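J.: Respectively, the protein sequence lines represent chains R and L.
Going by our numbering, the residue at position 200 of the first sequence is 200; the numbering climbs one at a time, nothing skipped.
Going by our numbering, the residue at position 187 of the second sequence is 1187; the numbering climbs one at a time, nothing skipped.
Source of the hints: derived by calculation from the structure; they are not laboratory data.
Note that the coordinates shown come from a computational prediction; the quantities given were computed from them, not determined experimentally.
Errors might be hidden in some of the hints.
[What the hints assert, rightly or not] Not the full set, but computed from the structure, chain L residues with beta-carbon under 7 angstroms of chain R: (1) Leu1049; (2) Gly1314; (3) Glu1322; (4) Leu1325.
Glycine residues also receive a C-beta, built at the ideal position from the N, C-alpha and C atoms.
2 protein chains.
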Amino acid sequence: MTKLALPSLADIEDAADRLQSQAVRTPLIENSRLNELSGGRVLLKAEPLQRTGSFKFRGAYNFLSQIKPDARQHGVVAYSSGNHAQGVAAAAQLFEIPATIVMPSDAPEMKVENTRSYGAEIVLYNRAKESREDIAAEIAAKSGATLVPPYDHPWTIAGQGTVGLEIADQCAALNVEPDAVLVCCGGGGLTAGIATALAARSPKTKVYTVEPEGFDDTRRSLEIQSRQGNDGNAKSICDALLAPIPGQLTFTTMQQHQVIGLAVSDDDVRKAVGFAWRHLKLVVEPGGAVTLAAILSQKIDCRGRRIAATLSGGNVDSAVFEDCLANA
Amino acid sequence: MTKLALPSLADIEDAADRLQSQAVRTPLIENSRLNELSGGRVLLKAEPLQRTGSFKFRGAYNFLSQIKPDARQHGVVAYSSGNHAQGVAAAAQLFEIPATIVMPSDAPEMKVENTRSYGAEIVLYNRAKESREDIAAEIAAKSGATLVPPYDHPWTIAGQGTVGLEIADQCAALNVEPDAVLVCCGGGGLTAGIATALAARSPKTKVYTVEPEGFDDTRRSLEIQSRQGNDGNAKSICDALLAPIPGQLTFTTMQQHQVIGLAVSDDDVRKAVGFAWRHLKLVVEPGGAVTLAAILSQKIDCRGRRIAATLSGGNVDSAVFEDCLANA
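From just these sequences and the hints, can you work out the full model?
T.: Below, the structure is given as structure tokens:
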């Protein structure tokens, strides 16, 4: 595999052009109660309102739009616990490219159902016993399908980075340059994209990742400046954020921009999902609510500061959601 | 009582100026799945994201901002099943005016709790046996408090009509002049305000009310061009839309603009609340989802048309909400 270059601001701007007619320019939401509670001004980028219910559509669509015409007929393949799955499936449907998605058998039902509803073929695997990378590679080898990486590819990162461009533009329209932006972090694609966009467009904004405890590989990696994996024994309700280790491109980008890592507990997350339901009137999935959890549980001091934060997705099964409402 | 004039476009524009720093300019949301299902282009004005979780804050704040300084010290009083209650309480807190709110004892818990959280005093009454108007009038007579009408007052209507101005501006930014706008209707304040705003700003847009079956007083009144009440025997989960009869000012305004009435069943509404959760990622209360219910249950033909619709509020107890998710 040729060494891939880090995506530039221009790559993200190109992605924004490609996405313009297909992706939702999601609103930046402010809530008076959240401002009061945090003591600062909090601006939430509401990606649950994105096509397919998460930011992943942005990266997937930008990737698929760059697959050469003669490769399209062989289809695409991706592995994902669900949001990248839906993003790739929906983008593939728009481009009329066949899609095969490798999903863990314990993925949220809604994510599996939605992925299927976009016309993708789904291959389930056992998360404990099988390697999703191997399964996807085998499918690609047999069919000639193009693998769509969930985060560690410049096209994916550039598409996801359009969230950062929009945050910068929407904050500028409010005459705000945020002191910090909090980003939900699995493999780091969204963070890398946002960090690249904001370094150019909002250079005073400090970038933070938020991960679930036990899956805080990015936080630990950034602390010792070397990629660290998770031990694989932890559990979390944040199914979207269980990536085993930061990506190579994403980690290099995060290092470059001196990103800082935070972590929250599942209990913090349940309260945040409940808070979003009760006060924001938004449906946010656990992995999409870690940033809000960090704010509400005071993992970051918001007092007197302007804080932007991504809510990255809203695909959650009703049983998990109802469990969080009991905490609201 | 002096005869009150219907609010004009200028009144609504003045209200928009007053609200600018306090109300949320709520997003106009588009969803690809809803477009596909309806066969048209649907643009949803998301007032659950408004301060206090419903559009009612707009009317309450606009009303309170016009109470004379020497009357403010005597406080305000309002009656409401919950959204106007929260709107008045939150506005009163901002103006530092004491507020007393008369609420039915069977109001949703969340609405009672939120109203109390804004510092208002709550007086509960029995919906079947007592008159909320009498209770509020007695409080006003004793204390000198100003009554804040929930819909049938030009200041209330003008504030609520700012939703219409924003719909017109946001549609214009998309280069869309909607063929129709659907409005959730209780006493008709929101509809009257929106109809007035759109008659000036988007004159080709036809205005429709949507009510719950059994509380379709506006629909019947518009049909025979004379105010008709509900018989009081029906039940509905749409607690926000149980007004007994259209207001005088609101009905005159709706007549002027040739508004047409639609009605939906509670089952239609449950499905709409579930759809909003599953696909829109928005928390919408039953009364706030009647427009979406009308679209999904094809009470209006959306095929090939551009349809704007209000989602008017999102204050719903978890038990009712979870019941709707079972329909999603």
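J.: The structure should be examined with respect to each hint, and the outcome stated for every one.
T.: Verification of the supplied hints:
1. Annotation: leucine 1049/L was flagged as interfacial toward chain R, and the flag holds, the nearest CB pair being 6 angstroms apart, inside 7 angstroms.
2. Among the interface hints, the one on glycine 1314/L holds; its C-beta lies about 4 angstroms from the nearest C-beta in chain R, closer than the 7 angstroms criterion.
3. Proximity of glutamate 1322/L to chain R holds as hinted, the smallest CB-CB distance being about 5 angstroms (cut-off 7 angstroms).
4. The interface hint given for leucine 1325/L is met, as the beta carbon of that residue sits about 5 angstroms from the closest beta carbon of chain R, less than 7 angstroms.
Comparing the model with each earlier hint shows no violations; every hint is respected.
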